[in-house]
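Protein chains: 2
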Amino acid sequence: MEFSEHIKTANVEDVVLRQPLHPQRKGTLCITGHHLLFSGREEGSSQQVLLLLRNIDAIEKSVENLLGYSGLFSNAGHRERISGSSGTITIKCKDLRVLQLDIPGMEQCLNIAHSIETLSCLDCVSEMYPFFHRPSDLSLQDPWGLSSPERHYSEMKELHDRWRLSSVNRKYSVCPTYPPAVVVPKDITDDMLMKVAKFRQGGRFPVLCYHHRKNGMVIMRSGQPLTGANRKRCREDELLLQAVIDGSDKGYIIDTRSSQQAQQARMTGGGFESKSCYSHWKRLHRQMERGKALQESLIKLVEACGDESNNMDRWLSKLENSKWLSHVQTALSTAGLLAECVERDGHSVLVHGSEGTDSTLLISTLAQLIMDPSCRTMEGFLALLEREWIQAGHPFQQRCVRSAYSHARLLQESPVFLLLLDCVWQLWRQFPLALGFSEALLLRLATEAYSSDYGTFLGNSDQERCSLGVKEKTHCLFRALLRPKEREQYSNPLYEHTELAIWPSVHPQSLQLWRGFFLRWTPQARHLEEAQEEIRNMITEWGKLAVS
Amino acid sequence: MEFSEHIKTANVEDVVLRQPLHPQRKGTLCITGHHLLFSGREEGSSQQVLLLLRNIDAIEKSVENLLGYSGLFSNAGHRERISGSSGTITIKCKDLRVLQLDIPGMEQCLNIAHSIETLSCLDCVSEMYPFFHRPSDLSLQDPWGLSSPERHYSEMKELHDRWRLSSVNRKYSVCPTYPPAVVVPKDITDDMLMKVAKFRQGGRFPVLCYHHRKNGMVIMRSGQPLTGANRKRCREDELLLQAVIDGSDKGYIIDTRSSQQAQQARMTGGGFESKSCYSHWKRLHRQMERGKALQESLIKLVEACGDESNNMDRWLSKLENSKWLSHVQTALSTAGLLAECVERDGHSVLVHGSEGTDSTLLISTLAQLIMDPSCRTMEGFLALLEREWIQAGHPFQQRCVRSAYSHARLLQESPVFLLLLDCVWQLWRQFPLALGFSEALLLRLATEAYSSDYGTFLGNSDQERCSLGVKEKTHCLFRALLRPKEREQYSNPLYEHTELAIWPSVHPQSLQLWRGFFLRWTPQARHLEEAQEEIRNMITEWGKLAVS
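Protein chains in written order, with the numbering used here: chain A, 1 to 548; chain B, 1001 to 1548.
In isolation and in its complexed conformation, chain A is listed as follows (with noise of 0.2 Å):
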């Protein structure tokens, strides 16, 4: 494919840019296969604004004509009538960004949105930027991520008597969405691993994520068990658990459905471990939002915060309305859940919902980051996600195609990794000095995730990706966000290494809109980014004359 074919118009001049934080500006639209590039006519970087087209989530053009008349139109139909005009494209973005552009033409006005309208959601993953993006700091010979499950293993070298790596998955054969190399119970072979995949949605048998050296307990997560309506069983399922807990008096699942929702899954051939059949084992059940309903939580509460109203009850009642701080409680209730199975109580715990690839990872990311010390530097943050979501499959492609703003059918969006950095920002705010990275950090990955200059969150499993060649094609978001300089942007100056486990507080009375993302683009974030630069600054200074 071509991209020049849907560029009909590539340049136009004296086009006007309107964008929040700026006053407005005339200049130069381009449009290339993967960039909107507007020059502004004074000179100077500072001048230029570089969008990606895959950041766009909604356009909306409106036309004036010389006439007066102003109205929206879908239809090209009214194209004859209107020429000579002008018009204006309101830009939405995935980042939550508003811009506008007025257009001067009406002809090129339509082009430049039938073009933006066009690229912004071409589908096929091998186009797309990250396969272009070639600066000059980094090489496609550098190696690509910051580790990997064989890594991972040799690290933790206390479990190596009773956990063993396992190949099986090897050619994406067993398990689509996991990658090549698995840690599981000694005691289980490949053999017994096949059988349990196939018991267990889209074949997530259950794999070691974290190991609590504390006290020995680890956390697995899985798919759910297919039992069905005849509450099919798997002996090598329960052999597997067990060999978990081993000695122990017993382990935990939680289940991050209601207790109602995991029976009615037996309906359409999934379900939950019953009593019976894993006696060892004591079944949690937590009701997390997921898919669509957090999908429409998000467009809510976006809708919700570009209320114009000026009105205080009604922006209050948008907000409960949406539910998204709701989600943002439970999603972190139920991490705390987890850490207290694992460092209070000292047990084992299985994760899983239906998939095993949304809810069941937000909470194993969340508890990690509340137990373990080794995830709250930046480096092991970022080697925590590539773990627990690159790795173990989280399907961004389909998660975030779409974000806010889209009018377009919803189909498998949903803000789960959102909602992630949303409650990782909440232990942030709630223990200053506790993380290594800072709240840029957090902003930096919400639009990286739906649109990039890497290839990091391409695709949606590691099968995807290897497929694709993206680790040969593209670089590396996380290792490009280790870099000197970009490390240093990103690090959180207060940060004060702490063994401790960071309890956050889940009262709705302690948690916050995430008002550095959700309100980013008003004055108002602004000032607060510049205190934080000051601080970062004056750090720097100070260091400075501290060693000189």
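For the record, the hints were derived by calculation from the structure and aren't laboratory data.
Keep in mind that a hint or two might mislead.
List time: in silico DSBU-like cross-link candidates among lysine-lysine, alpha-carbon distance up to 30 Å [as the list claims (entries may be wrong)]:
1) B:Lys1300 to A:Lys300
2) A:Lys171 to A:Lys214
3) B:Lys1186 to B:Lys1282
4) B:Lys1171 to B:Lys1186
5) B:Lys1157 to B:Lys1195
6) B:Lys1282 to A:Lys318
7) A:Lys275 to A:Lys250
8) B:Lys1232 to A:Lys300
9) B:Lys1198 to B:Lys1186
10) B:Lys1195 to B:Lys1275
11) A:Lys232 to A:Lys214
12) A:Lys292 to B:Lys1318
13) A:Lys318 to B:Lys1157
14) A:Lys318 to B:Lys1300
15) A:Lys485 to A:Lys171
16) A:Lys250 to A:Lys292
17) A:Lys250 to A:Lys214
18) B:Lys1232 to B:Lys1186
On the chain B side, residues computed to face chain A include the following (Cβ under 10 Å) [claimed, not checked]:
19) Ser1062
20) Glu1064
21) Ser1167
22) Glu1320
23) Val1328
24) His1507
25) Ser1510
26) Pro1523
27) Glu1534
28) Met1538
Where is the CB? At the ideal position from N, CA and C, for every residue including glycine.
Starting from the known structure of chain A, arrange chain B on it as the hints suggest.
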């Protein structure tokens, strides 16, 4: 009066103290005329809790006798039956802290409770603690207060050709709530002022409170004109306002009541400046809540903050229902309007509502903070409070005698000053570099206004403080806060002087609950304080290194 007659039991051993953010402790409880003192068994001053009885807003007694019966008692008739039991006193403070004391022996418990109930709300101002507080590093011979109307006038030299200092009120006979000296237009004689005073509620004739150096405009404030149902006029009042604008085209009157409220006020003898009599003045009405409505809003908010139902929707709906944030929004936007009239449009403004002692002071103070950089240093801010609240006659005694927990019938209580501090906090959060003081100062002031070791907030007016001998017999809070050690604690390490006005965003989305105050006794607020302290420490450390 002897305090001792209210103290039947002065000491109790083996009392258990439970307070937020601390583990529970056992020790000795001691009641004095002004304090409740708890000394923990372990050594160290951190084991002591010294609480001003005046800080106590409400107490609850609950008893548990040896038969396991438990209940709330308000009646001493039960004493016989329950001797030998133990009791719990829950103490709810005006600074929103809640403490619990488990006291062995019902008799002792009831005695203690009775002492607290009586001593915490004694009316006699001259027996309050500020008259007994004698810290070693302050002397009663030290000057009192930061400035005076005379000094303030002498500093505004540019005004001297058109304004004068009048001592018409030197005996507090013209306006009981004004200080002895006030600034008025030069052409208006003291005789005229006396006539104007009769035409304004509470004798509060229009006086100057702020001169905007950049363009020479001023802010005046007053009580409402007493036009009444018959549309009475006062020639001298009209001349006074005419003299304010002099040559310029017009002035504004910001009335902190709705137009309808102002109309209704005529029925009870009040009123507003009619267009026909004050042709060069344009009235703007902005309805601000005051009095009882504001107090009830605070009570609802504090109740919501203490809600332990752990339900996010319920919390947000209670927050909305309290209306507190709406009041913050209205105050900031009305202050913004006032500053706009003066700074942007270049007009002088008269502000009043009914009495001119509450919302009038609120918005004139906020507008000065917005426009005038000299009010944004720590000294400048405290001097502003001294001028606009202490000298200008905000009735602190009436407004702050009770706070959010009291079950007493509402009289004149109203958290106007607390609302001011909340609005200043919003400014501080939106402009983290612009104010020379920190959140900690606002928290300290919020506590001191309700119960204090110092005399600053005693009484309802300069006259009352004068007749009580406050300046001779108590110490001044503002001066105490400016001692080097305290000043360091309350300064903003990020402060950078700016000449610019700081225009707050008053979008509902931009305003936040002041968690540092309303949730200050929760662990979460504690962590934020720790972070602040960490920043301060780092800066001090590096500062030392840089100097050495």
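Tested hints:
1. Restraint check for lysine 1300 (chain B) and lysine 300 (chain A): the C-alpha separation of about 27 Å stays at or below 30 Å, so the hint holds.
2. Between lysine 171 (chain A) and lysine 214 (chain A) the CA atoms are separated by roughly 35 Å; this puts the pair beyond 30 Å, and the hint is violated.
3. Between lysine 1186 (chain B) and lysine 1282 (chain B), the direct Cα distance comes to roughly 23 Å. Compliance with the 30 Å bound is thereby established for this hinted pair.
4. About 21 Å separates the Cα atoms of lysine 1171 (chain B) and lysine 1186 (chain B), which keeps this hinted pair within 30 Å; it holds.
5. This hinted pair checks out: lysine 1157 (chain B) and lysine 1195 (chain B) have alpha carbons roughly 28 Å apart, not beyond 30 Å.
6. Proposed proximity of lysine 1282 (chain B) and lysine 318 (chain A) is contradicted: the alpha carbons are some 37 Å apart, above 30 Å.
7. A distance of roughly 12 Å separates the Cα atoms of lysine 275 (chain A) and lysine 250 (chain A); the hinted pair therefore holds under the 30 Å criterion.
8. Distance restraint check for lysine 1232 (chain B) and lysine 300 (chain A): the Cα-Cα separation of roughly 54 Å exceeds the 30 Å cut-off, and the hinted pair is therefore not satisfied.
9. For the hint linking lysine 1198 (chain B) to lysine 1186 (chain B), the alpha-carbon distance of about 20 Å falls within 30 Å, and the restraint holds.
10. A hinted pair counts as satisfied when its Cα atoms are at most 30 Å apart, and lysine 1195 (chain B) with lysine 1275 (chain B) qualifies at roughly 21 Å.
11. The suggested pairing of lysine 232 (chain A) with lysine 214 (chain A) is violated, with an alpha-carbon distance near 37 Å, which exceeds 30 Å.
12. For a cut-off of 30 Å, the pair hint linking lysine 292 (chain A) to lysine 1318 (chain B) stands: about 28 Å separates their Cα positions.
13. Between lysine 318 (chain A) and lysine 1157 (chain B) the CA atoms are separated by roughly 52 Å; this puts the pair beyond 30 Å, and the hint is violated.
14. Taking the CA atoms of lysine 318 (chain A) and lysine 1300 (chain B), the gap is about 20 Å. The hint holds against a cut of 30 Å.
15. Restraint check for lysine 485 (chain A) and lysine 171 (chain A): not satisfied, since their Cα atoms lie roughly 38 Å apart, outside the 30 Å limit.
16. Taking the CA atoms of lysine 250 (chain A) and lysine 292 (chain A), the gap is about 35 Å. The hint is violated against a cut of 30 Å.
17. Distance hint between lysine 250 (chain A) and lysine 214 (chain A) is fulfilled; the C-alpha atoms sit about 18 Å from each other, no more than 30 Å.
18. The suggested pairing of lysine 1232 (chain B) with lysine 1186 (chain B) holds, with an alpha-carbon distance near 25 Å, which does not exceed 30 Å.
19. Residue-level restraint check for serine 1062 (chain B) is violated (minimum Cβ-Cβ distance to chain A is 24 Å; threshold 10 Å).
20. Restraint check, glutamate 1064 (chain B) versus chain A: the minimum CB separation of about 28 Å is more than 10 Å; hint violated.
21. Contact between serine 1167 (chain B) and chain A, as hinted, is not supported at the beta carbon level, the nearest pair being about 44 Å apart and thus beyond 10 Å.
22. Contact between glutamate 1320 (chain B) and chain A, as hinted, is supported at the beta carbon level, the nearest pair being about 4 Å apart and thus within 10 Å.
23. The closest approach between the C-beta of valine 1328 (chain B) and any C-beta of chain A is roughly 8 Å, which is under the 10 Å cut-off, so the hint is satisfied.
24. Hint on histidine 1507 (chain B) holds. Least Cβ distance to chain A is approximately 6 Å, under the 10 Å limit.
25. With 10 Å as the threshold, the beta carbon of serine 1510 (chain B) comes within range of chain A, its nearest partner Cβ sitting at about 5 Å, so the hint holds.
26. Among the interface hints, the one on proline 1523 (chain B) holds; its C-beta lies about 6 Å from the nearest C-beta in chain A, closer than the 10 Å criterion.
27. Because the smallest distance between the Cβ of glutamate 1534 (chain B) and any Cβ of chain A comes to about 5 Å, under 10 Å, the interface hint for this residue holds.
28. With 10 Å as the threshold, the beta carbon of methionine 1538 (chain B) comes within range of chain A, its nearest partner Cβ sitting at about 6 Å, so the hint holds.
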